[in-house]
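**Q** Spelled out, the chains give:
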Amino acid sequence: MNRQESIAAERRRKTVLSVVLAAICIIYVLPVLTVVINSFKLNTFVKTDTFAIPTGEMWAGFTNFIKGMTFGNYPFWNSVKYSALITVLSTALILLFTSMAAWYIARVNSFFCKLVYYLCVFSMVVPFQMVMFTLSKTADSLHLNTPWTIPIVYLGFGAGLAIFMFVGFVKSIPLEIEEAASIDGCGPVRTYFSVVFPMLKPTMISVGILEIMWVWNDFLLPYLVLDINEYRTIPIHIQYLKGSYGTVDLGATMALILLSIIPVIIFYLICQKYIIKGVAAGAVKG
Amino acid sequence: MKKSVFKDPMRRWGWFFLGPVTAAFIIGFVWPFVQGIYLSFCKFKLITRTTWVGFENYAKALSDASFMHSFWYTALFAITSLVFINVLGFAAAYALTQGIKGSNLFRTVFFMPNLIGGIVLGYIWSMIFDGILSRYGTSILLETKYGFWGLIILMCWQQIGYMMIIYIAGLQSVPEDMLEAARIDGATKTQTLFRVTIPNVMPSITICTFLSLTNGFKLFDQNLALTGGQPFIIQPDGSTIKTTEMLALNIYNTFYGSNSASQGVAQAKAVLFFILVAGLGLLQLAYTRRREVQA
Numbered sequence: 001m002n003r004q005e006s007i008a009a010e011r012r013r014k015t016v017l018s019v020v021l022a023a024i025c026i027i028y029v030l031p032v033l034t035v036v037i038n039s040f041k042l043n044t045f046v047k048t049d050t051f052a053i054p055t056g057e058m059w060a061g062f063t064n065f066i067k068g069m070t071f072g073n074y075p076f077w078n079s080v081k082y083s084a085l086i087t088v089l090s091t092a093l094i095l096l097f098t099s100m101a102a103w104y105i106a107r108v109n110s111f112f113c114k115l116v117y118y119l120c121v122f123s124m125v126v127p128f129q130m131v132m133f134t135l136s137k138t139a140d141s142l143h144l145n146t147p148w149t150i151p152i153v154y155l156g157f158g159a160g161l162a163i164f165m166f167v168g169f170v171k172s173i174p175l176e177i178e179e180a181a182s183i184d185g186c187g188p189v190r191t192y193f194s195v196v197f198p199m200l201k202p203t204m205i206s207v208g209i210l211e212i213m214w215v216w217n218d219f220l221l222p223y224l225v226l227d228i229n230e231y232r233t234i235p236i237h238i239q240y241l242k243g244s245y246g247t248v249d250l251g252a253t254m255a256l257i258l259l260s261i262i263p264v265i266i267f268y269l270i271c272q273k274y275i276i277k278g279v280a281a282g283a284v285k286g
Numbered sequence: 001m002k003k004s005v006f007k008d009p010m011r012r013w014g015w016f017f018l019g020p021v022t023a024a025f026i027i028g029f030v031w032p033f034v035q036g037i038y039l040s041f042c043k044f045k046l047i048t049r050t051t052w053v054g055f056e057n058y059a060k061a062l063s064d065a066s067f068m069h070s071f072w073y074t075a076l077f078a079i080t081s082l083v084f085i086n087v088l089g090f091a092a093a094y095a096l097t098q099g100i101k102g103s104n105l106f107r108t109v110f111f112m113p114n115l116i117g118g119i120v121l122g123y124i125w126s127m128i129f130d131g132i133l134s135r136y137g138t139s140i141l142l143e144t145k146y147g148f149w150g151l152i153i154l155m156c157w158q159q160i161g162y163m164m165i166i167y168i169a170g171l172q173s174v175p176e177d178m179l180e181a182a183r184i185d186g187a188t189k190t191q192t193l194f195r196v197t198i199p200n201v202m203p204s205i206t207i208c209t210f211l212s213l214t215n216g217f218k219l220f221d222q223n224l225a226l227t228g229g230q231p232f233i234i235q236p237d238g239s240t241i242k243t244t245e246m247l248a249l250n251i252y253n254t255f256y257g258s259n260s261a262s263q264g265v266a267q268a269k270a271v272l273f274f275i276l277v278a279g280l281g282l283l284q285l286a287y288t289r290r291r292e293v294q295a
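For the record, the sequence lines run as chains Z and F.
Heads up: the first sequence begins at 1 in my numbering, then just goes up one per residue.
Heads up: the second sequence begins at 1 in my numbering, then just goes up one per residue.
These are calculated hints, taken from the structure and not from any lab test.
Treat the hints with care, since some could be wrong.
[To be verified] For each label pair, taking beta carbons as the anchor points, the in silico distance ranges come out as: (1) Z/189 <-> F/72: 35 to 45 Å; (2) F/80 <-> Z/266: 30 to 40 Å; (3) Z/7 <-> F/145: 44 to 54 Å; (4) Z/141 <-> F/239: 25 to 35 Å; (5) F/144 <-> Z/266: 17 to 27 Å; (6) F/145 <-> Z/88: 38 to 48 Å; (7) Z/9 <-> F/178: 20 to 30 Å; (8) F/172 <-> Z/23: 44 to 54 Å; (9) F/37 <-> Z/80: 31 to 41 Å.
[Unchecked claim] With a cut-off of at most 20 Å between alpha-carbon atoms, the simulated PhoX-like pairs for lysine-lysine come out as follows: (10) Z/14 <-> F/45; (11) Z/273 <-> F/101; (12) Z/14 <-> F/189; (13) F/60 <-> F/45; (14) Z/137 <-> F/43; (15) Z/137 <-> F/45; (16) Z/137 <-> Z/201.
[Claimed, not checked] A few chain F positions that, by computed beta-carbon distances, are all more than 10 Å from chain Z: (17) 184; (18) 186; (19) 195; (20) 257.
We put the CB at the ideal spot given by N, CA and C, even for glycine.
Excised from the complex, chain F in its bound form (with noise of 0.2 Å):
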């Protein structure tokens, strides 16, 4: 940074233009997050009151079933909504930069469903999947894989416009002579899609399977709202197994569950949950970037 003439007043005020913003970080933010952290090695019940137990509540946590169970059918969701969004959100978006009549009209009702929120959501999904499932005699409550199918198809229908915005811009940012050449060297439509289209917007690529995958694994009000975690499970030792819980909902569940001795491990399955979150983003940020360079 260039030394400038109004660089050295500007400090002065600092805590103007930093204050608020820093004050409201450390209670909304930085102080959570280090309390957070340092709870997750405690046992208490009153938070002022805490026993430092070491790893124990980590230990409480990865014995849990019932977390074992959200993690991998948390897994499942994200990696099966991940493909069918960007797959869909990509086809959407190419069919609708064909230069066809309505596409405006088109892109508005694609988008809308972003705007609705995720409580509200589940519950419409619920009727409707319930209306339809009633007539076989059953219920989206009753069986794990309607449960699990029922969100995929919600969050499809409110992700898919989202995701094809982002792949609209992708789209029309590829060079149009590079298109042009392909066509006049006599190049097939699908040829142009897969050699020239697709690894030109690697960037878009990125970024919205990144979304997508961490979206699925944060999931958490679509999944209040249209199954709570049912239909449940009584294992033989007597504790349940939700089994359309995931991540997010089983660690609220335990934070604010009849047990509040285990508030402890609810916290450090959320510290496991914020690294398996923040790691997977990294890593799928990583690899995607090297596949755009080699493009």
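The following block holds chain Z by itself, in its conformation from the complex (with noise of 0.2 Å):
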């Protein structure tokens, strides 16, 4: 009878615990939602009608998203072109060399590979105000102030995390495998594209994820990098749009904060197991 109570008690607790994080859920999607109802929202009605939904005079129908393509006299599509250009080459550069050197890290060991991987852990926590601005001097002087060219910062200044999750990954592999495939005649550069390089696959989902939502978002690197009036990321023109105009139009910015979140949000949505195995990977650095 008691133990009948208990469980009894135990199970309306989690119905009222369920009931309480449904509630914290709704209020946690609102913020998107309020950018969802004010993008088909008239731009004098946003500041006032927030949280109203747009009805009646108050709809804008499409001519937000419309207006945003070519808002502040810069075509979006052309940065959500460079946005994804950007952080494709650089996770990909960052992926192919990060896991090639943190192989060779873990296996050859010298005294320059120790300082390389001190380094890497050292740069792990400096701030980038720190180097930014000589960093976007350097950057500049080689040329590297393209988006075809930017990615070669990200490496640089990207490597820490990812060569400290290889270096880590990587030592818990076998060594006897690698041997096997040198006793077989494989040279390094063979043992480590046949051999290593598919083992490393869980890391490299980590990793990737990491750089795609560090390089999709960042802001301060490219702003300083890039040569603004010619290429500019989302989140470039998304500050350019608020910070040098006098009055802004409310509604065409949140149209195009909405086109710049549903991509991600998709693809949240698709590699969302990868996605939380990777941040809990990553929280290892410090």
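Using the hints, put the two chains back together into the complex; each one sits in its own frame.
**A** So, in structure tokens, the structure goes:
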């Protein structure tokens, strides 16, 4: 009897908890919903009736989206293109080169390897403001200021976490597999690409996710390095709209914000499992 | 490292494996870092023409009222956000590991804001806060306390889900037999939580407090987009203090503000900022590691 009562109490407790969490969930998505409703609202009503559903005279249809496409004298589509280009190139470069370096560091362990490794670990605690001025000057003088070359800067500044994670993983792979490959006549390059590289897949996914999230949303680095009149990533474009005009068309800004978070949310819903795993793995930094 | 059959041929390929990363790392980190330290001791308008001034830039940075203000403001913000984010993040993780229905959905929703960039987050919330505050005839840009708590709310919304993920991983690794033993010994839920669960998730608490503290100190995008430092106060000597400006934004404004002669001072501020962030991280790590051993 007593036991049954306690089971019933436990069940009640869980139901209450579910209801509370569901309520918090709704509050959690409200900011995004606010963006959605305001992207269909005429600019003058965004400030006065922020939380109203756009009906009647407030309804702007898709004019905000159409206006947003060329808003601020810069085609929004270009921002999307450059953001995607920089993110894909940077992530690919980082995954390829840091995993190669990490394998070498973990296996050879010479003085130079240790030096590179500890400098990488050190770079993880250095805030960007420490190097932003000199880095943007260096990147400028080496012509790394275009969307096609800025990935090299990302490779350099973002190497720390990636090397750290790859080295940790490589050390857990038994050496015997690689030794077997080498006895069978594989040189180091072939051993790496046909034996080690496929084994790194789980860490590749984790590192890749973290780098994609970082580069796609990064504002200050591309803002300081790229030529802003020609190349704007999405965060730069949105900052520019707010920063450079006295009165901003809030409706059109919200339309662009909505367009910029839709791909992110789709990406999240598709790769959710990997994203959450990657974040948990990357949390070791520091 | 034991001697292996493939180590020697591997060394000959060192340039191939290490070369690209090393080159990019020197361009993207090592050289800017070293040059940054050097420039913090110099006066310059062009990076190619510098005059050594010793510690003058550091003295100027430390006597800059706006810098000191942003330091205290940032410290207060970092500590406040650390407490809120970790307590709520832990609570969320604890609730989601009770085996209730819909846990996965809740987890998905709570983590979602992490994928939205800082600039975009800032503008979303500035619209929301102004939507609320305009009913009372004010704005987030008009009062320091609105800017402060606004940023706390924004950061909670963004980071609780992140910390929750780390706490869930920690909570799931608490040995089941330990919880079972506590139950059999007649421990209440609260006793189990504080005497068994929390000591066992100390490693996660280390990571999360460390992350949220340094995140708080390094915050830039959200600060820039939400208030940009407003409201401003004009000092009696004519200088301005941006009351909601945090350290990173203060350094940025010193570099790229109207006074191009102050870039040396800005670099000195950046070095101080680096020492602070790196030092805090190490200190906190050492402290919580000690707690872990005791627990």
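**Q** Now, for every hint given, state plainly whether the structure supports it.
**A** A quick look at each hint next to the structure:
{"no.": "1", "hint": "Z/189 <-> F/72: 35 to 45 Å", "verdict": "violated (55 Å)"}
{"no.": "2", "hint": "F/80 <-> Z/266: 30 to 40 Å", "verdict": "holds (34 Å)"}
{"no.": "3", "hint": "Z/7 <-> F/145: 44 to 54 Å", "verdict": "holds (48 Å)"}
{"no.": "4", "hint": "Z/141 <-> F/239: 25 to 35 Å", "verdict": "holds (33 Å)"}
{"no.": "5", "hint": "F/144 <-> Z/266: 17 to 27 Å", "verdict": "violated (38 Å)"}
{"no.": "6", "hint": "F/145 <-> Z/88: 38 to 48 Å", "verdict": "holds (43 Å)"}
{"no.": "7", "hint": "Z/9 <-> F/178: 20 to 30 Å", "verdict": "holds (23 Å)"}
{"no.": "8", "hint": "F/172 <-> Z/23: 44 to 54 Å", "verdict": "violated (25 Å)"}
{"no.": "9", "hint": "F/37 <-> Z/80: 31 to 41 Å", "verdict": "holds (38 Å)"}
{"no.": "10", "hint": "Z/14 <-> F/45", "verdict": "violated (65 Å)"}
{"no.": "11", "hint": "Z/273 <-> F/101", "verdict": "holds (18 Å)"}
{"no.": "12", "hint": "Z/14 <-> F/189", "verdict": "holds (14 Å)"}
{"no.": "13", "hint": "F/60 <-> F/45", "verdict": "holds (17 Å)"}
{"no.": "14", "hint": "Z/137 <-> F/43", "verdict": "holds (16 Å)"}
{"no.": "15", "hint": "Z/137 <-> F/45", "verdict": "holds (13 Å)"}
{"no.": "16", "hint": "Z/137 <-> Z/201", "verdict": "violated (36 Å)"}
{"no.": "17", "hint": "184", "verdict": "holds (14 Å)"}
{"no.": "18", "hint": "186", "verdict": "holds (13 Å)"}
{"no.": "19", "hint": "195", "verdict": "holds (21 Å)"}
{"no.": "20", "hint": "257", "verdict": "holds (13 Å)"}
Consistency note: the structure conflicts with the earlier hints numbered 1, 5, 8, 10 and 16.
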